[in-house]
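Visitor: What follows is the residue order along each chain.
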Amino acid sequence: MFRRGAVLAVVAAWGLSATGCGVDEAALRGSTDTINMSLNTDPATFDPALAGGGDDFTVARLLYDTVVRKDSGNRLVGGIASTWEAEDAAHYTFTIRKGLTCSDGSPITPSAVARSLTRFASPETGSPGRTLALGSATATFTADDGAATVRARLSAPWSDFLTGLSLPSAGIVCPAGLDHAEQLATGKVKGAFSGPYTLTSARPAVSYGLTLRSGYTAWPRFARPLRGVPAKHLELTPITDYSTIATKLVSYSLDVGVVADENVNRFDGDSRFTTSSASNTTTYLLFNERPGTVFANRPDLRTAVARAIDAQTFSDIVSGERGSVIRSVASAKVPCVNTDRSALVAADRAAAAKKLKGVRFRIVGTTLLRGGNDYIAEALRKAGATARADSLDNANWATVTAAGGKDWDINVQGDNNMMGTLTSSLLRVMGPPTEKGGRNKTGLVNDEGYAAVDRAMSKLDRTARCAALHSAQKSFLKRVDAIPLSTLPSTTVVAKGYSIRTFDDYLDPATLRIDK
Amino acid sequence: MSPRSRRHHGNPGLVLGLALLGIVVLIAVLAPVFFTGEADALGSRFAQPSSGHPLGTDAAGHDVLLRGLVATRLTLVMTVGATAIAVALGILLGTGVWLMGPRAREVCLRVIDAMVAFPGLLLALVVAAVLGAGGSSVVIAIGVAGIPYFARLTANLAAKVSQREYVRTARLLGVSHPRIAIRHMLPNMAEPLLVLSASTFASTLTALSALSFVGIGVQSPSYDWGKLLSEALPSLLAGRPFQMVGPAALVIVTGLAAILIGDGLAAAANPRTARRAAGRRGARDTERDTPVPRDEYLVDVQDLWIHSGDKPLVKGVSFGIRPGEIVGVVGESGSGKTLTAMSLARLLPDGLTLSSSRMAIGDLDLRWPVPPGLMAETVSLVYQDPGSTFNPALALGTQLTEVLRTHKHIGARAARRRMVEALQAVHLTHPERRMKQYPHELSGGMRQRAMIATALATEPRLIIADEPTTALDVTVQAEILRELERVNDRLGTSIMFISHDIGVVRALCHRVVVMYRGEVVEEIDAADLTVESARHPYTRALLAATPDIDRPVETLPGMAWTPEAAKEHSHG
Amino acid sequence: MTSPDATEIPGLPPPASAGDRPTTGPRRLRQPSSPWLGFALRRLTGLVTIFLALLVVSFLIVQLIPGDPAAGIAGANADPADIARVRHELRLDRPVWERFVDYVGDVFSGHLGTSFKYRQPVETIIFNRLPFTATIALAGIVIVLLVSIPLGMIVGVLTRGGRRTWLDTTFGVVTGFLDAVPGYIMASFLVVTFAVGIGAVPLYPPAYTPRFAAQSFVLPIASIVIGPICTVSRVVRRETAVVLDNDYMRTAHGWRLPAHKRYVKWALPNLLTTTLTLSGLILTGMIGGAIIIESVFALPGLGSGIIKAILDRDYPVIQGMVIVIGMIAAIVNLLVDVLLGLIDQRTLGGSHVSA
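Sequences listed follow chains D, R and B, in order.
The first sequence lines up with residues 1 to 516 when you count with the numbering used here.
The second sequence lines up with residues 1 to 572 when you count with the numbering used here.
The third sequence lines up with residues 1 to 355 when you count with the numbering used here.
Heads up, some of the hints might be wrong.
[What the hints assert, rightly or not] No more than 27 Å apart at the CA atoms, straight line, and that leaves these computed lysine-lysine pairs for DSS-like:
| id | chain 1 | residue 1 | chain 2 | residue 2 |
| --- | --- | --- | --- | --- |
| 1 | D | Lys98 | D | Lys232 |
| 2 | B | Lys265 | R | Lys408 |
| 3 | D | Lys333 | D | Lys232 |
| 4 | R | Lys408 | B | Lys261 |
| 5 | D | Lys474 | D | Lys333 |
| 6 | D | Lys459 | D | Lys478 |
| 7 | D | Lys406 | D | Lys354 |
| 8 | D | Lys436 | D | Lys355 |
| 9 | B | Lys261 | R | Lys436 |
| 10 | B | Lys265 | R | Lys436 |
| 11 | D | Lys354 | D | Lys478 |
| 12 | D | Lys357 | D | Lys232 |
Hints are computed from structural coordinates only; laboratory data are not their basis.
Build out the structure end to end from the sequences listed, making use of the hints.
Guide: In structure tokens, the structure reads:
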């Protein structure tokens with residue numbers, strides 16, 4: 001009898017000590033040299049070259065610097081390179097800043113930069129950023145340590161090359177990291193980092209601690225300089241649920257958070273926070289046009305689908321009335337994007353119903369866009385089609401759509417275009433298909449459109465490039481290979497006393513500052 | 001009205017549960033018929049509640065209230081489906097296990113035990129992940145996850161039922177196993193299984209909505225409450241809380257209904273908890289003419305009435321017990337003898353009212369509140385021993401010393417010493433060891449000796465022994481009776497000895513009170529207890545019904561010789 | 001007579017223990033230490049069996065989950081060559097049996113494998129998450145027992161023998177109501193009340209925050225205990241009614257023991273058997289229920305971990321978590337049986353199905 005009592009008492013005391021009492025409002029904002037920030041989920045890797053997007057990009061940006069950086073107005077600014085020069089769309093020379101060091105104190109030499117970029121560009125590395133930076137070209141990098149330059153030669157012109165090198169994927173990995181490349185993913189190679197922060201603690205799912213390097217001097221010189229001081233310590237916590245992120249922000253347990261649904265409304269008019277929105281994610285419908293599928297060689301059917309759905313409704317559902325309708329595959333801030341409404345198919349439910357009656361097809365999309373997927377199916381059912389929408393988790397969705405396949409007819413594509421280059425999104429709907437190593441999910445090259453993209457990528461001149469990109473867009477819009485839907489803005493909420501900079505649609509986590 | 005329906009009628013929780021479930025079922029039947037079209041129509045989006053849309057509309061423009069109502073059918077169908085899987089396969093497994101050989105059964109029970117311990121929701125999650133998102137896969141997942149628990153509980157019930165006489169008989173008669181299960185075991189487990197099904201229904205409902213919350217439940221265009229809830233949750237804090245109200249209320253009401261029905265059925269199935277108070281125990285002792293105290297009696301009871309509601313159970317009983325006297329009270333069960341004794345001990349069960357013109361032990365008037373300590377020093381009880389008079393969870397010593405510590409205010413060690421002596425006094429072997437043992441480790445005779453020792457601990461003036469030997473072997477019976485007689489000899493304690501065995505009474509008692517249907521029909525000296533001298537026909541009938549009546553009397557006090565007893569003796 | 005083995009009558013109570021030969025004497029004549037020895041042997045074998053079963057089943061079941069881990073990890077931009085490379089890296093291009101042999105080898109040398117997604121040892125990932133789930137589950141079960149036993153007993157005593165029908169009904173409806181609220185709705189309600197900062201109620205973090213680590217657990221624990229408190233207190237209340245009706249309670253009354261002794265010392269120990277058995281189930285249920293609660297409160301525990309691992313098709317992590325959670329459940333089950341054995345040695349023999 002008494003033994004049992006004692007056991008209970010001990011367990012009880014332990015349990016109660018774990019609970020404690022309410023949060024004291026006075027102690028709400030903790031120490032001033034630490035910033036608590038949310039991640040959407042755990043970074044999949046700390047190897048910048050393998051970074052796939054989202055949170056991988058966030059940590060890669062903080063841990064690794066790139067040769068060039070994105071600034072506002074779709075311009076680039078120096079990073080590890082102080083200046084750069086493009087002879088044509090296939091030949092580039094970078095002058096490397098002097099006196100930069102890695103996290104182990106070793107200098108960042110042009111050879112080290114060339115070595116890291118060579119790894120990034122190598123198909124064996126399998127960097128998802130490679131096709132964005134190089135298209136289907138290959139690149140060779142040669143360093144001249146005396147002249148402090150790195151020369152890049154591409155096998156085919158690719159005018160997005162410079163912007164591509166501003167991707168976090170192209171982050172420069174120091175020699176210590178390249179020597180242990182297989183361990184880069186865990187973030188445990190101490191001397192690998194070239195960026196402002198080093199990874200000091202990594203507890204998957206719990207939190208990631210990043211610490212500012214004392215000797216770091218490579219801050220980029222943005223057109224409008226940053227104010228405040230960088231945080232000595234960053235605590236990154238993975239939280240998937242937007243509602244929870246918002247609640248954590250208002251209850252002072254988070255300083256910076258990214259919210260992308262209705263919960264943004266909770267910060268409207270709240271003077272304790274500043275918000276900035278970025279629309280680097282867009283949504284559009286993609287048709288599977290591989291031979292033997294419902295929509296292959298049926299522009300009339302694809303047009304009918306476009307007539308049956310309302311992009312505004314889709315936008316409101318997926319973004320909580322905060323997104324905006326788009327007229328191409330990228331958001332309106334991306335250079336050369338089509339804004340001409342007349343290039344799109346106009347809504348016409350009656351005409352749609354005539355074509356779609358009795359047609360049977362399968363819509364797939366990710367769970368993130370579940371409400372939108374359901375809406376598309378519902379709208380098409382109302383137009384008489386037999387449509388089924390499957391909201392799949394990322395792994396299932398990737399399995400079904402990535403390597404081609406005929407198990408789907410319409411894909412609700414969420415496209416994260418971090419760097420804001422139109423080409424990267426256009427290659428989803430034209431060019432080499434996924435089963436041939438490309439990005440195109442429709443399975444149909446669209447020679448006319450792809451030729452226009454190729455033309456654009458060989459031009460350094462902005463006007464000529466835009467003209468070519470416009471005809472590429474006209475091409476897929478006319479063929480209705482894809483139906484533009486809307487942006488999916490993500491809003492960064494920053495508590496008073498902190499700031500962060502968004503360049504066009506790119507939120508740069510390395511610009512986090514504490515107001516002085 | 002049958003007893004069961006009366007019990008159900010008297011259970012407000014059950015009535016409420018059935019009413020709520022009725023409403024929900026009605027919605028499930030009617031709402032899809034009338035509202036499916038309207039619930040699918042797309043109106044204005046993100047609308048706040050208005051007369052057109054009492055709970056507003058969702059992001060796509062559906063009416064939130066109508067969707068909640070229409071979803072009722074699918075939700076109920078899924079919940080019933082998953083529950084049915086758990087119940088049917090659980091019962092199959094649980095009864096099947098009891099029809100196996102002992103070794104296979106032991107292994108199977110272990111496996112089931114291990115599976116019960118594994119978190120059900122986790123199992124369901126993994127199963128649902130394998131089957132892919134969708135209504136039928138979550139139904140299977142939740143159903144499968146519920147099987148082990150149901151199988152385990154069915155096995156428990158089957159374990160009890162299979163011990164019953166009719167199942168063993170059927171088995172010996174060669175009735176086939178499935179037939180035994182269907183004909184004999186299942187009907188006898190039906191009621192508890194029904195109760196369990198109700199609570200399984202409630203937990204299935206929450207589990208299904210939990211899987212929908214994770215996003216692997218019903219997929220569009222179908223929708224159940226779980227899906228509606230998971231769609232509504234993100235907007236809860238974003239200024240549109242109303243979207244959650246409908247499905248949340250429905251899921252809670254349905255769960256509540258199932259829980260109330262489960263509890264109600266359980267209460268009804270358990271006659272002890274279902275027993276209703278027939279009336280309040282009140283001081284209904286009407287002031288009557290105070291009768292003259294009869295000084296020669298230690299116990300003086302005059303005109304005692306005990307009622308259950310309006311039904312008299314004891315009708316104006318009067319009797320007395322002299323100091324040092326052993327008085328037997330005989331009568332068949334229901335004659336009121338135990339009630340009379342319990343009212344004397346102030347231990348009348350709940351719901352009975354009593355009145356008397358006089359009820360006293362010595363100068364203690366029992367019609368008025370008596371302090372427990374005083375009561376303990378006045379009356380002690382020795383019960384019939386069906387093995388349950390001692391607390392199975394406490395060592396004997398803990399229980400026995402409690403009386404001394406409470407009423408004599410002595411320390412644990414002293415109480416222990418006194419109790420060991422007391423046990424020795426009643427001839428209990430190895431008293432030290434017995435004190436450390438648990439009641440189930442002692443035989444009935446040992447327990448009864450211990451009970452007598454405790455009864456003596458407070459040095460009472462009266463011991464009420466309520467059929468103290470009925471449950472014991474005949475040899476042990478004799479020893480216990482001898483013990484009581486010794487107590488009476490040695491300490492002069494009065495004993496009220498209740499029994500239906502007139503032979504035993506005649507051997508032990510000085511005087512006998514015969515009760516019949518709540519009345520005292522005869523008071524007679526034990527010596528006169530023969531068919532010839534008894535006056536009342538009932539007494540004579542009782543005597544005539546006792547086989548040993550004309551035998552030469554005991555060689556042992558209290559030991560009535562019977563052929564059975566003789567046989568027992570030769571064995572022992 | 002169809003029984004193939006006439007001496008073996010199905011349906012008789014199970015033998016006292018698995019290795020027992022039929023004994024002639026009553027149990028109490030045997031050595032007092034033997035039930036514990038047999039119990040330990042039997043349960044150890046059981047634990048080993050459960051472990052092996054979990055090992056095999058968890059490995060096989062993850063293979064059945066649709067979706068290619070390599071495609072998921074390679075990401076949206078991957079081409080078939082990338083996917084093939086990832087598949088090779090993860091050794092998924094090798095036959096199932098070969099991977100199983102490797103996995104078993106790993107496990108028996110003390111490793112649960114390497115996470116596909118995090119490229120870290122699975123045990124590191126699990127032990128990062130375990131403390132969170134353990135904290136809410138253990139603190140939860142303690143609170144459940146501390147609240148529901150007294151509550152159930154008080155109501156049971158007050159309503160014994162049909163007294164206070166109104167209290168009985170109110171108690172049933174209120175606990176039934178709270179019990180019927182799904183965990184995440186309760187959690188959302190608590191967040192609305194305590195985390196958003198309405199009115200004068202104290203503020204608690206709605207999600208795990210390193211800065212307020214201890215307070216972060218208040219709301220999750222609160223939302224995980226309310227349902228079980230209702231369940232357990234209803235059971236305790238029903239059991240109390242049964243226990244109070246027992247003869248030994250009448251005995252205690254007959255000995256004129258004061259009320260507190262009768263209820264606490266006499267009745268309570270008899271409630272514990274049922275309550276403890278139930279608590280074991282509830283504790284493991286809480287580990288499962290944490291799946292939902294952890295998602296709502298962004299607590300990085302095992303529950304949200306397994307959801308994430310399934311979404312990532314992180315086979316080694318799913319397997320590791322299923323094994324660890326399964327073993328925790330088995331050990332909790334065992335501890336409950338040990339406690340029951342301490343209370344009443346009779347329960348040590350055989351399976352406690354007769355409880």
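Visitor: Which hint numbers does the structure go against, in order from smallest to largest?
Guide: 3, 8 and 12
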